[in-house]
Amino acid sequence: MKRYFKILFILTAVSLAGWGCKTEFPIDEDGLLITERAECFVSNFELLGPDFQTVRTKNAVIDTVVQTINIEVFFGTDLRNVYPQFSLVTDAKLTPKITGKVDFSDLNNPKVFSVISGNRKVIKPYTVYITVQKP
Amino acid sequence: MQRSYFKSTILLLSLLVGLAACEISEHPTVTPLKKEGFQTDVIKRTLGPNVAGLDIEFAFAMALPSAQGKLVSAQVEASIPGAAGTYLESKSYYTDGSGNDIGVTVAQPFLNEGKVTKVNFSADTSAATLRYYYQIPAAAKGQKVSFVFTATSSTGETISYNMGPYDIAKMDMVLDLDVTDGAKSFISLEDMKVYTAAEAAQNPAKIDLVYLYRSIPNITFNHALVAPSADAQYLPGVTLPAGVNRSAKISKAWNLRDFHLARLQFSIFIDDLDFERLDISNSPDYALNMRSEAGAWVETADGKYRAYIYINSVNNTAKSAKISIKRYTMK
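Residue numbers (this note's numbering), protein chains in the order written: chain Y, 16 to 150; chain E, 303 to 633.
Calculated from the structure, these hints are not laboratory results. Virtual Cβ for every residue (Gly too), placed ideally from N, Cα, C. Hints should not be assumed to be uniformly reliable.
Some chain E residues near chain Y, calculated using beta-carbon distances under 10 angstroms [as the list claims (entries may be wrong)]:
no., residue
1, I518
2, P519
3, F523
4, Q535
5, Y536
6, S553
7, W556
8, N557
9, F561
10, A589
11, S594
12, G597
13, W599
14, A603
Throw the hints in and build the complete structure from the sequences for me.
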């Protein structure tokens, strides 16, 4: 009986080890896990000025159906030097990458950022529309 | 039987190892400066960049065995003569149980003779710690300064301690300038002063910024620093004196409460290097909604000056603010 348990234990351990070594989730070119998640949306958006303080007057309005972000910023905001911050659904990533200040000053040509889902099969472009407070 | 013998051996061995570990080392890691006799030691008490007009503070300790005499005099020689506020305290300080520095007068008032600041002891003492305050002169900007601390005993023995060299910053600093909307609102970085409209009209080429406060419905304007060249929408209701039209680059900053300018508890220091590496070439010529404890980096139109303007306080009712400036000359 004891021997039977021993054999069963060893078999279970070996099979677990084998399962654990499986490369089910490969990584992409950025070293991020490619998962099975197909969700693809922006959950929050923030815009910081050169002093790293928010420049928005109220919360950004994110429409995940038409894929737009509408945000109003303070009068006099230096839109050439702002830091956007996107919060994305789990496992998703953003392109183009944000590596520093971004120039949003061309209000007639709003910037577009794409969200790529965790399984890297769904890509949704989000357009950021900025309006400046008016007196 | 064999197991018991083994256990006892292990126990004995571990006790022996423990005893060996507790043995007091005959080779202490800290070597005294000097085993006995006349000794001095100095510590620098101030931190941050050395800016002209500020003090560099030292604590100068000296002692000798009472059998070998007493202290007669102490002096500090700076490589560059200090400004008028340089002095050596005639009190010796010790720290009481509550952490307070307690001063006991041990010497006559100090004498400044060029590079040398000296005191003669009046108390019969063989140990003292004096404070030395070197007020950095404008002549020392961009140079290095070093100090020789010397103490003399009643036997004529002198002992010296060298400190430095210390870099003296090139930047200038001015504290607590009052700016008031519509009255004293024209800021000159060249002069590091604030002018009225009439005064600005006399020297229009020196005016780099205009301070204004506006409370405008639907927008957040408040306290602002705006270059005269800025778009009229950022200078609402401002009539610029004739010739006041210079531009400037302005970049807002937050959480940058320089210790010298703010005089708060934050040990943040803006040094020459910060100005040298500053790149605000892509910044606008205005900064709106400036709050108390905020600041702004500024570069003049000709690139001659870079400055950091710190907002010490604001007053919405009086439409005024108190500002302090650190300025670095680039050319």
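Item to check | Cut-off 10 angstroms, beta-carbon criterion: hint that E/A589 touches chain Y | outcome: 8 angstroms, holds
Item to check | Restraint check, 10 angstroms cut-off on beta carbons, for E/S594 near chain Y | outcome: 14 angstroms, violated
Item to check | Interface restraint verdict for E/F561 against chain Y (beta-carbon cut-off 10 angstroms) | outcome: E/F561 check fails; min Cβ-Cβ to chain Y is 19 angstroms, beyond 10 angstroms.
Checklist entry - Against chain Y, is E/F523 within 10 angstroms by beta-carbon distance? => result Hint holds; E/F523 Cβ to chain Y Cβ min 7 angstroms, cut 10 angstroms.
Checklist entry - Regarding the hint that E/A603 lies at the interface with chain Y, is the smallest CB-CB distance below 10 angstroms? => result 18 angstroms, violated
Checklist entry - For the hint on E/I518, does the least C-beta distance to chain Y fall short of 10 angstroms? => result 5 angstroms, holds
Next on the checklist: Does the closest beta carbon of chain Y sit nearer than 10 angstroms to the beta carbon of E/W599?
Outcome noted: Because about 9 angstroms separates E/W599 from the closest Cβ in chain Y, which is inside the 10 angstroms limit, the hint holds.
Next on the checklist: Holds or violated: the hint that E/W556 contacts chain Y, with Cβ atoms closer than 10 angstroms.
Outcome noted: 4 angstroms, holds
Checklist entry - Are E/G597 and chain Y close enough, Cβ to Cβ, to be under 10 angstroms, as the hint says? => result With Cβ-Cβ at 8 angstroms, under 10 angstroms, it holds.
Item to check | Interface hint for E/Q535, Cβ within 10 angstroms of any Cβ on chain Y | outcome: Since the shortest Cβ distance to chain Y is 8 angstroms, the answer is holds.
Next on the checklist: Less than 10 angstroms between beta-carbons is the criterion; does E/S553 satisfy it with respect to chain Y?
Outcome noted: 5 angstroms, holds
Checklist entry - Given E/Y536 was flagged as interface, is its beta-carbon under 10 angstroms from a beta-carbon of chain Y? => result 6 angstroms, holds
In summary, the numbered hints that this structure violates are 9, 11 and 14.
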